[in-house]
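S.K.: Listed below are the residues making up each chain.
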Amino acid sequence: MEPMELARQLADVSLFQGMSPEQIATIVGGAERQHYAAGEVICREGDPVDGFYILLEGRVSVRKAQGEREAEVAVLSPKAVFGEMGLIGGKPRSASCVAAEPCVIYRIDRAAFEELCARGGAATVRLVLNLAAIIAARLESLTAAFAELTERVEHARKPEDKVHELDVFRDKLYTEWAF
Amino acid sequence: MSATDATRWFFTRAARRMDLAERIQTLLLTPSRTVKVEVAIELDNGELGNFTGYRCQHANDRGPYKGGLRYHPQVDEDHAEALASLMTWKTAVVDVPFGGAKGGINCDPRTMSQKELERVTRRFVQQIHDIIGPQVDIPAPDMGTNATVMAWIMSEYSKFHGFSPAVVTGKPLDLHGSAGREEATGRGVMYATEELLRRQGRQLAGLRFAIQGFGNVGSHAARLLAEQGARIVAVSDIGGAVRNPEGLDIPRLLEHVARTRSVAGFEGGEPMPADELLVSECDVLIPAALGGVITRENAQHIRAGLVVEAANAPTTPEADEILEKRGIVVLPDIYANAGGVTVSYFEWVQNLQNFRWELDDINDKLRGRMAAAFETIYGLATRKKISLREAAYIVAIGRVGRATLYMMGM
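Residue numbers (the working numbering), protein chains in the order written: chain A, 1 to 179; chain B, 1001 to 1410.
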């Protein structure tokens, strides 16, 4: 696909917000178009980070190891950007990504990204700001989810405590406070 | 901080020490019911007198409700409720089989004739006779009421329910009252003091006492302590204060007070400013008048090594902390002045039995109750390294709590 045609296709991807098709083209010019069959692993939790992905078609399941099991923490739809966290944080992959159905994905190589950063310029600054916005949005929804979870845990625990209050009271009256 | 606030504060501190959940504290603090009634009477001048009577019944899991009836303009619902819970803890500390209650009428007995007081009392009983009774709720004298008022209550109640001396305590001796009831609180104060001294390997004889208040409690305590060889070096009342480092001659002082209504002007001692009594040179200080007199300000300067709380809530929580830090031992009100309710219990038992006990018998039994209660409180305080006050509250909460759980069917 022509870089300019691809750029137009990707114009409403969050990563490219506020950028002209020309600017997008310079970034995705070096992107590698990949096809995955359903169930195929795109990247694996714990692997070193060698690039990030833009999902063009299909759905991707994001999975994280929980002890011996693996839990699905998100399902990504087309135009989603993923695998970018490691580029910023430098840590290995925080989750595995598996094609939930046949997928078309653009992969931007770590080296290409670093070269862009080294070159600087308005497009790069925009790109990095957009990346930061994506990560911030994710943190925000995570915080909200955490708060809800905490609330639910509190709620789930209280009725039991309330039932035990009287038992505890009675036990103590005949042990610690017996006289 | 008011006396009732202080009581609640001490309750809460003990409840925290016991790790009681909020709901358990609510269960223990909430009164069973508070009844408010109209008490309208015809005054001597033909006018209508509108009064309101209250009876708060706090807890009855350990036995019938028990507590004083107060005639005072400030009596109201809050007042009755706060003081009712104090009775619950007090009856539990000395382990008499009663719960706690308090009530009264918002009238001023100082401005009323005997006839008006009798009418107001009988009208009140007409309004509450179905919520009191020998097995339900047994009133007793308090501020503004006395043995005569109790006699009217018994008389009016008996019109509805048949002859019932056990419906009130603190009655006149000639109407099923008990020997020793009048001096019971003062005597209990002496026994409480003796118990503590015994633990410290000391005795009453020769010790110097300062007593604030020379009413029913203070005067009897002074007389009984002096009979045991204690030196009463200072006393005060609303009219003034006197001191004598060698010890005041209490029988002569009692005569003086009977004649002049105050300790002021007593020739067997020198006058002193009344507010110096609390910080005067003595071994044992007995506040036997109002609540809230030992404060943050004067607690630093108290020279006694022992404070015996004959009054209700004489020590503020801040002052209590200071005394504790200074190593001054406090015998707390809910134990130290519980002699009154203990002999009230004896009066009730005699009434139920239609039997009269001798004074010696009553005094022995009172001593036994005060000694047993002290043993429990002192043992707990030593084991847990807490003050006698905190231990007394914990003993009370524990006894009430266990009974409540049984009565709730748990």
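Accuracy of the hints is not assured; some may be wrong.
[Unchecked claim] 27 angstroms max Cα-Cα, derived BS3-like pairs, lysine-lysine:
1. A:K91 to A:K64
2. A:K172 to B:K1115
3. B:K1159 to B:K1036
4. B:K1384 to A:K172
5. B:K1325 to B:K1365
[What the hints assert, rightly or not] Pairwise CB distance ranges (calculated):
6. A:V163 to B:D1361: 27 to 37 angstroms
7. B:D1005 to A:A74: 36 to 46 angstroms
8. B:D1361 to A:Y174: 57 to 67 angstroms
9. B:T1295 to A:E148: 31 to 41 angstroms
What the hints contain is simulated information worked out from the structure, not anything from laboratory work.
Since the model is a prediction, treat every value here as computed from it, not as a measurement.
C-beta: ideal position from N, C-alpha, C; glycine also.
S.K.: Now tell me if each hint is right for this structure.
M.R.: How the hints compare with the structure:
Simply put, K91 of chain A and K64 of chain A have alpha-carbon atoms about 15 angstroms apart, close enough for the 27 angstroms limit, and the pair holds. Restraint check for K172 of chain A and K1115 of chain B: not satisfied, since their Cα atoms lie roughly 53 angstroms apart, outside the 27 angstroms limit. A threshold of 27 angstroms between alpha carbons decides the hint, and for K1159 of chain B with K1036 of chain B the separation of about 22 angstroms falls inside it, so the pair holds. Of the pairs offered as hints, the one joining K1384 of chain B and K172 of chain A holds, with about 14 angstroms between alpha carbons and a cut-off of 27 angstroms not exceeded.
Between the alpha carbons of K1325 of chain B and K1365 of chain B the distance comes to roughly 35 angstroms, so the proposed pair goes past 27 angstroms and is violated. Between V163 of chain A and D1361 of chain B the C-beta distance comes to about 49 angstroms, which lies outside the given range of 27 to 37 angstroms. Evaluation of the 36 to 46 angstroms hint for D1005 of chain B and A74 of chain A yields a failure: the beta carbon distance comes to about 56 angstroms. Distance hint for D1361 of chain B and Y174 of chain A: a CB-CB separation of about 35 angstroms, inconsistent with the stated range 57 to 67 angstroms.
Under the hint 31 to 41 angstroms, the C-beta atoms of T1295 of chain B and E148 of chain A, about 51 angstroms apart, miss the expected range.
Consistency note: the structure conflicts with the earlier hints numbered 2, 5, 6, 7, 8 and 9.
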